[in-house]
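J.: Each chain, letter by letter, is given below.
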Amino acid sequence: MVPEVNSYKTDLWVDWCPGCGNFGILTAVTKALEELKLEPSRTVIVSGIGCSGKIAHFVNVNGVHTLHGRAIPFAMGIKLANPDLTVIVHGGDGDLLSIGGAHFVALGRRNLDVVVVMHDNGVYGLTKGQASPTLQLGVKTKSLAKTNIQQPVNPILLALASGYTFVARGYALDVNHLKEIFKKAITHRGAAFVDVLQPCVTFNDVLTADYYRKRIHKLEDEGGWDPLVKDIDDRRSKLFKAIEKGLEWDSKIYTGIFYLDNSVMAFEERLSERLSRYPLRNPSNSKIVADNSRPIIGSDNFEKIFKDFVVYVRKGG
Amino acid sequence: MVPEVNSYKTDLWVDWCPGCGNFGILTAVTKALEELKLEPSRTVIVSGIGCSGKIAHFVNVNGVHTLHGRAIPFAMGIKLANPDLTVIVHGGDGDLLSIGGAHFVALGRRNLDVVVVMHDNGVYGLTKGQASPTLQLGVKTKSLAKTNIQQPVNPILLALASGYTFVARGYALDVNHLKEIFKKAITHRGAAFVDVLQPCVTFNDVLTADYYRKRIHKLEDEGGWDPLVKDIDDRRSKLFKAIEKGLEWDSKIYTGIFYLDNSVMAFEERLSERLSRYPLRNPSNSKIVADNSRPIIGSDNFEKIFKDFVVYVRKGG
Amino acid sequence: MELNEVSLILGGAQGSGLEASMLILSRALAYGGYGVIADREYYSNITGRHSYIHMNVSATNIPRSLRYPVNLLAAMDSESIFTHFNDVANGGVIIYDRGVDGKRISDVPSMEDALKLRVLKHLQDLNIESDVASILTYLEKERRITRVGVDFTRWLRMLASKFELQPRVLSRYVSGIIVVTTALILGLDLEYVKYGFEAQFGNRKEIVKENLYLMDLIKEDLNQYGGLLQIKKPTINSDKVMLATGNDFVAIGKIVAGVRYQSYYPITPAADESFLLEKFEVIEYDGDVIGPIIVMQTEDEIAAITSAMGASLTGSRSSTATSGPGFDLMVEGLSWAGMNEVPIVITYYQRGGPSTGQPTRGSQSDLFNAAFSAHGEFARVVLSSGDHLEAFYDTVNAFNIAERYQVPVIHLLDKFLANSLATVPVPDLSKVTIDRGFTSNGGKDYKRFDLNHKISPRAFLGTLNTVMWYSGDEHDEYGHIVEDPENRISMYSKRIEKLQIIESEVPEEIKLRLYGEGSPDYLIVGWGSVKGVALDALDELRKAGYRGMYLDMKMLYPFPKKEFLKVISGVDPSRVIAVEHSYNVSISDLISMSTNVKIVKKVAKFTGRPMVLNEFVEAIIKLLTSKEEYKVLRYGA
Amino acid sequence: MELNEVSLILGGAQGSGLEASMLILSRALAYGGYGVIADREYYSNITGRHSYIHMNVSATNIPRSLRYPVNLLAAMDSESIFTHFNDVANGGVIIYDRGVDGKRISDVPSMEDALKLRVLKHLQDLNIESDVASILTYLEKERRITRVGVDFTRWLRMLASKFELQPRVLSRYVSGIIVVTTALILGLDLEYVKYGFEAQFGNRKEIVKENLYLMDLIKEDLNQYGGLLQIKKPTINSDKVMLATGNDFVAIGKIVAGVRYQSYYPITPAADESFLLEKFEVIEYDGDVIGPIIVMQTEDEIAAITSAMGASLTGSRSSTATSGPGFDLMVEGLSWAGMNEVPIVITYYQRGGPSTGQPTRGSQSDLFNAAFSAHGEFARVVLSSGDHLEAFYDTVNAFNIAERYQVPVIHLLDKFLANSLATVPVPDLSKVTIDRGFTSNGGKDYKRFDLNHKISPRAFLGTLNTVMWYSGDEHDEYGHIVEDPENRISMYSKRIEKLQIIESEVPEEIKLRLYGEGSPDYLIVGWGSVKGVALDALDELRKAGYRGMYLDMKMLYPFPKKEFLKVISGVDPSRVIAVEHSYNVSISDLISMSTNVKIVKKVAKFTGRPMVLNEFVEAIIKLLTSKEEYKVLRYGA
Ligand SMILES: Cc1ncc(C[n+]2csc(CCOP(=O)(O)OP(=O)(O)O)c2C)c(N)n1
Ligand SMILES: Cc1ncc(C[n+]2csc(CCOP(=O)(O)OP(=O)(O)O)c2C)c(N)n1
Ligand code: SF4
Ligand code: SF4
Ligand SMILES: [Mg+2]
Ligand SMILES: [Mg+2]
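Residue numbers (our numbering), protein chains in the order written: chain C, 1 to 317; chain H, 1001 to 1317; chain X, 2001 to 2637; chain B, 3001 to 3637.
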C-alpha cells in the first residue's frame, strides 16, 4: 500500500501481539521524529530481525530491515557513506546483545553518530520466547522448559564499558518520557544507546507491566541528577554515578538519561580530520563519473596519481 | 617431533619474533601448570588465531588451535562435555575483543569454569600490525598508515560488565607475578579473565616494555587491596573499586587481581542442579552403546521413554 | 457415501490455538486407527496473522501427501473463509462462527493486500459481494457446500458460567470446539476425541473435563450434522503408531543415537527440535539414567557449531540444528571440522530464502549451500530424509557416518517435514546400530593424524596419558602446524580421499531408494520431503495408465554415481523428471556435475507451500505428454 | 653466453628484508627495460621462518610464469641453501654469506622436520655432509655451480663506521647487498640499481647514499664475478611500465572505478589491498580532490560486508576484500544482498584451505564456495582475472556489473596473483567506462522493487522526497514484508532471472578468452592465475610440436555456456585438459554441471606453491601421450 507521506506511520497493519510494549516504542519514535521535524527521506531506521525488527516497516521514513544481529554495521555503512542522514537502529535484546554483541561494543568504541534503541523484553520474541541476554538468572518464564541458567548482562553497564556517549533507559509504556529520551538521543552527536524496557505480553510473564510499574523510578526525580559530563575531569565521577544507578534492579529500576558526554569527538569528526572535506563531501555525493561515462581518473591523470607504480624505462640502451 | 612428556614445553621451535612478550606468557603458563601439577592429558589449551594462538602448540598439554575469535565457544564445548578437564583459552586482543566480542561477553554471563588469557599487544600481530581494540585513540604505531581513530575498549571493565568472577591483569615481562595470577585464575571456580600486557616488539612501538616499565604498579602494593567479594552486600563496592583501578591508564597501570567473587555459582554447578548426576556423569563419559553395537535405547524401552508420542490404537473397531 | 479419505483445513489467526486443534484431532484420529498427515502453514508472526492446518486423513493407509480441494474447512475467523473458500470441494462442508456472517474482506486488516485484491477480483468475477454470508450462500447454491454455522460465543458463555472461568481465558477453548465439530462431521466416535483431550492435556484433568463438557454441548446442538462427511471405519492394521513431527523424530533419533551435546541458536524451523531435546536432558528410566544431554542455547550459530566441535573432541556425540541463515554462519566452522576431521552432525532445516526470506515457509533451495559452502576442499557428507520415519533412522546414520569417517555430516531436512505431524509406524529398534568408528586409547606417542591409516584412530581429549593437538592450519601427524609441501599433499589427499571410501562403503539404502514398478516408462527423481507426494503420484498416475518409478536420492554428497547410473540406465532420458521445492531444481545440476546425465524435465515449486498431489500429477502428465520442460507449481494459500 | 632470461631465488628469514630486495631489484630491472615477475613465498609468521622470492627476468618479453631450475640463488642464510640448493641449474650461481660455511642442517631450528629429514636423506644419498661448505663444494664439482661467497659482516662494519650507524640497524642493509650482488652477477648497469634505491627510498636520501656506498664496496670486491650470468640487453619496446602486485592493481582498479566505501577485516592475502586504498583515501590532484574513499577496518567480516551493503544503499560504490575464512563469514550477508538486489563487490583472494589452512600460500580451491555458498537462490556474478592487468580491468567490470544488474559480484583472485610483483603495461584508460545501471530519482510513490522492470530503477537512500524500504524477508514492490505466494513467485523469479540477462548481455571478452593457434590438437581450460603458466606452456609445447590453445574462463558464474560450447565444439574431448590449483580441479565440475561436457584430464596442484613452467609442460605432455588422466604437480619449496 502507498504510505501516507504526511504521516510518520505507514498504513501497514501492525502485526505485534495486542498489548505488546512495542506499540509504545513505535508511538514514541514516530512522535519524536515528528516533533524533531525530521525529513523522512533523510531519516533511516535500520533494524535487526525479531518482533522489534519489524518496526522499520511501520515508520514512514526509510527503513532497512537487515539481518539478525547486524543492524549496527549496516547502519554504520549508511551513516558513514551519507553522514547527512539521521540513522536510528532498532533491535531486540537478543539481536543486539547476543548474536550482535561484538557490533554493539564496536559501535561504542567508534562513537559514531547513530542511535541504538534496544527493545528489551527479556526474551526472543519472534522465535517463541527463549531467554534473551537480559533475562535474570533463575527465572522461568512460561515459554521456557527450564529455568534460565545464564546470567543477565546489564545493558547500561555494557554500553558504558563500550564507550557510548549517551546512555539512557526508557519504558515502553511511558510513551511521553520515552519520546523525550529519543529526541535527546537523536540530537546527541555521537553513539547513543537507549535501553527500552518492553513488556512481551505473550512470552514473558515475569517482566510484566505490573513488574515494572512497581519498580520504575525516573532519574530526573532523584534530587540533583545530572548525567552531563562537564569536562574531562568530571568524566570518571559521572561514569560511576551512571553505573551505580544502572545496576539497580531488584527494587528500583531507573529510567532516564544515565550518562551524557559531549566531549568525545564523534567518529565523523575524527574522520573529517583525516579526510579534508568530509563530511560535506562524502561517499554518497562525491563524483565518480566524468563525461561520456568515463571515470574521473583518465589517461591524463592516471600516471600522475599512481606515479609510485610507474617506471619510465631509461632512454637508449 | 615427539614432545618430551616430562616437560610442559614441546620441543617445537617457537617462531615468535625475538623479544616478543609472548615468550614471557609462555613461560608463565608452563610454570603455572607445572607448579599446579596439572596432568597434561587432563589439561587443554584452546587458542584463537594470531601470534598468540600459536601458543597451543608450544605447551605440552592438549592443544586446540581453533578459529580466529572462536576459542571461547570451542572451550565451552570441551569444558561442558568433559568438566574434568582444566581448560585455558589463549587469544589475542583482536581475537577476543573484536571478532570474538560476543563470545567474550557470553562467557562472562555463564561464569563457566574456564580461564581466558588475553595477549594484549594493541595490534593485530599476525596480520602485520593493524590496530586492535585495545589500542588507544589517536595513536599511530609504526605499522599504521594513519592514526587510530577507534577508541580502545578497557578489557577489565568489559570483563566486569560481562560477569567474569575473576578479573586480573598481568604483564608479560613480569613472569613470576604473571605465573601467580595464572595459578589463581586456574584454581578459581568460574570464568576467569587475565588481561596480559604484552609488548609486540615488531609492530607496536608505542606500548613498549619501556612504556610499561614506567607505569606498571601492582595492586598488591597498594595498601589494603583486597579484591575478594566477602558476601553479596560486598559485591557492589568491590566492583566499583575494581572498575576504578581498572580504568587507570595514563600514568599508572595496575596489575594484579582486580576482582574475585566466589559467591556466584559456576555454570557447571547450575547445570548440575538441572542434570542430576552432572558433572560426574557427563557427555564425555556417559554410556551410549549397549552390547552388540546397539543403542542403549532399544525395542524394550523405546516406547516407554517416548510414550508421549506413541498412540495405542483402540481395540476392536 | 462414506469416504476413504478426507482432506481438511483448520484455519484461524496465529496464536488462537490451531496447533492444539491439530494435535488433539490427530491424536483422536490416530487412536481411532486412522492415518493422518498435517501440514502447518503460518506467517512469521506471533499473534494475529492467518495460519492454517492442512490435513489428510485416511481410513485405508498412512497418507503421504496433501490434496486440494479439501472436503472440509473449519474456520475460526472470517479471514479463513476469505482465504480458503475456493479450495473447498463441491459437496464439502464449511464450519464457521455465525458471528462473522457480516464481515467483509475490507474489515480484515491482517490480510495482505495482494491476497485481498486477488480475492476481491475473483468475487467480482463471480459477481458476489465480499462478505462472509454472500460467499457461503454462493457456495451452497453453486457448489453444494454445506455451511455449518456455529455459535462459539454461546458455548463459551455456558462453559464460563458452568466452570466459573474468566472471560480472558475462554479463547483457549476454541481449539477444542473446532476439534469436536470436525469430529462430529466426520462421524467419528467421540470416545476418540475424549482420548485426544486426555492425551493432550495429561494430568491437567480440569481442562479435560471442561472440554468434555463442551463436547456434550456441541454434540447436542449439531446433532443434525453428524456424519455429514462420514469417514469409513479404518482398515489400517496396526495396534500402535507414533504421532510426531519431523522435528520430534529427529530429536528422538538423536537421543537414540546417543547425542550428548546439542547446541542451538533459536531459529525457525529448527528450534523445536532442541526444545524437545531439552525435555529429555536426563532420562530417568528403571532406576537408571540415560544422559545427560547438554542442550546449550548459545550466543549465536558460530558458537553453536564451534562448541559442538569442542564437545565432539572429548568423545561425546555432538550436534547442532539450524536453518539457512544460521548455517551460513557455521560455514567457517564447518571448514575447521573438515580440516580437523571432527565428527559432528548439523541438522539443517531448509526454509524459504534467500536471507530471512520466508522464515516459516518451506523450501529445498539449500542443497548447494549444504554441499559446497566453505572454503578449501575437504570431505563432508550430506544426507536427506524423505519422511518422518526416515528422518529418525537417518539421524542415527548421520552420527554413525560422522564418527566412522571422522567428517561433518549435514542432515538436510526442510520445514515441510519439520513442522508436519504424521502417524508413523514405531521405529524398529532392532535395525539400529551405533558405529563409533576407529577409536584409540592414545598413549605416549599418540598421533591424532596418523598417516598410516586412511582414517586415523581417534582418541578423545582427556584420554589418560595422552596429549594431542588440533589446528585449523595444515598440520603434521601430531596436529602441529607444518607448511611443508610434501606433508601438505599427504594430509590434504588423505582428508579428501575419505570421500571415495564413503562413496564405496556406505550401504546402498542410505544412498538412494527406488520405488514403483520395474521397467518404468518414466522416472521421477527427487530428494527429501517430495517423496510423499511423488509416491502418491505414482499411484495416481498408474490409474491413468503411466508406469513410473520414483528415485529418492538420500545421500547427496558425495553423490552416489555408480548406484545412480545403474538406476537411470534403463530409462529414456526424456522421461526423467526432477522435482524440487526450488526454482533451479538443483538436484539436476548436482546430477549433471556428478554423472554428466542431463535431466531436462523439471517440476519446481517455490511459493513456500508444499507440493500437493493434484498439481503434481498434472505437472507430470503435462511433462510426459508435451514438449514442455519446466513446470512451476503454485497451489496453496 | 648471454641469457635471454634469468630465473632466480632470493632467500632468507622472514623479516630480514627480502621484500625490499625484491622491490629494489625489480625497479632496477624495470628501469633497465627488462620484464619481471616475482612470486613471494613465506610462512604464516612474522619473523624467522624461511621466506623467498622466486623471480623470472626476461630481456625479450614480459615473463608470465616461473621456472625451475633457477640460474641464481642469493641466500641470506644457511637455511636458504639447504632449502634450495637442489633447484639451482647446472652452471648456475649461488651467492651466500661466507660466515655460514660451517652451518649444519641440525643447527637450523626454524626448518621444519619434514624438510630437514628429506634434505638429510637426499644428502645421504649423494654421500655429502650436511653442512653448507660440503654442499657448495659438491655443487661446484658435480654441477658447475659457482659459489659467490661474500662477507656481509665486513661490508656492514665498514658501512657502520663510515656513517656512524648503530649495530642494531645494520641488518636492514642486507637487502641492498643482495640486490647489488645479484645485479653484478647479471651484469646489469649499476645505474639501474641506483634508480632502484632512489625509487624505493624516495626522499629518505640518507639511506640511498648508504646503499650506494655499499654498492661501490661490493662492486670493488666482487669485480671478478661481474656478468657471470650476463643477461642480454633488453629488447622489449616500451617506454614505461607499471610495477605492482595484484593487490595493488585491484586497489588501483577500485580507485578508478570510483569505490567510495571499502571495508575490511585484516586477513592475508587481502589486507594489503586495503592498506593501499587507505593511502589514497583522499587524492589531492590539481587543486581538486578525488574521493573521499572511506576505508573502514571493521570488527569482523560480518560487519565488513554488512556495512558495505549499507554504504551501497546510499549510492556509493562499495566493496570489501577478504579471503576464505572471512568470505565464509560473509555468506549470510551475501544472501541479503541477493534478496535486496544490492550492488556490492567482494574481492575474494583465495589461499590454502580448508580452515586456516596455509594462510600465506596460494590456491584456487574456493570456486564452489564463491559460486554456491549462501542459502536460497539469487543472482550473483563470479569473475576471475588471469593476470595483473586483467585484475585492474576486471575490478572496474565488477563494479559496473554489480550496479547494472544490482547484484553482488565476487571477484575471485588468489594469493599468487595478489602477492606477486610484475612489470605490466600501463592500463589503457580510454577503454574504461563507468556504468551505474538503471537509477531513479525516486519521488512520492517510489517502489524500490518495481515489477514493471526486469531490473528495478534504483534510488539511493537520502534521495529527496523519497522513502523506501529494504527487507531480507520476501517483500512487495515497496520493500515491505509479504508472504503471499503469487508475489513470491514474481519477486523470486525476477531476482533469479537476472542471471539470464547477465549471461546474454555481458560482453564475451569479460566471459572468456581464447589464446593460441586455431584448430588446436589440444585445449587447456583454466581460470585465474594459471593463465601465465598456461600461455608460456603453449609456447614451449609448440616447440615440442604440439598445437594448443588456452581457454581462460573469466566469468565463472553465471557460466557462459554458449560461448564455452562454441570454443569446445571443435576439440577432441580427450584432448581437453583442465588445470587448477586445487585437488578437485573444480572448474571441470562447474563445466559438467553447466554444459554437460565432461573433462577427464586434469592437472592439479595443491601444495600452496604456484605451478611452474617445467612441471606444467611435462604434465601436459604426459596427459597428451598416455592414458593418465590426473597429474598432481609438486614442485617448489
Ligand atoms: C542468523 C540468524 N539466527 C537466528 C535467527 C532467528 N531469529 C529470528 S528473531 C530471533 C530473536 C529474536 O529475539 P530478539 O532479538 O530479542 O527480538 P524480539 O523478537 O524479542 O524483539 C532469532 C534468533 C535469524 N533470523 N537469523
Ligand atoms: C575469520 C578470520 N578473519 C581474519 C583472519 C586473519 N587474522 C589472522 S590473525 C588475526 C589477528 C591477530 O590479532 P590478535 O587477535 O590481536 O592476535 P595477535 O597476533 O596480536 O596475537 C587476523 C585478523 C582469520 N584468520 N580469520
Ligand atoms: S511475542 Fe512479545 S515482543 Fe513479540 S509481538 Fe508478541 S508481545 Fe510483542
Ligand atoms: S609480531 Fe608482535 S606479537 Fe607477533 S610474534 Fe612478533 S613481536 Fe610477538
Ligand atoms: Mg527480545
Ligand atoms: Mg593482538
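It should be emphasised that the hints constitute simulated quantities derived from the structure, not laboratory data.
Source: prediction; values computed, not measured.
The C-beta atom is built at its ideal place from N, Cα and C for all residues, glycine as well.
Be aware that one or more of the hints could be misleading.
As the list claims (entries may be wrong) - Derived list of chain X stretches under chain B, where covered just means 3 residues or more per stretch with a C-beta under 8 Å from a C-beta of chain B:
| hint | segment |
| --- | --- |
| 1 | 2076–2084 |
| 2 | 2474–2484 |
| 3 | 2515–2529 |
| 4 | 2549–2561 |
| 5 | 2626–2637 |
J.: Hints the structure violates: just list their numbers, smallest first.
T.: Of the numbered hints given earlier, those the structure breaks are 1, 3 and 4, listed in rising order.
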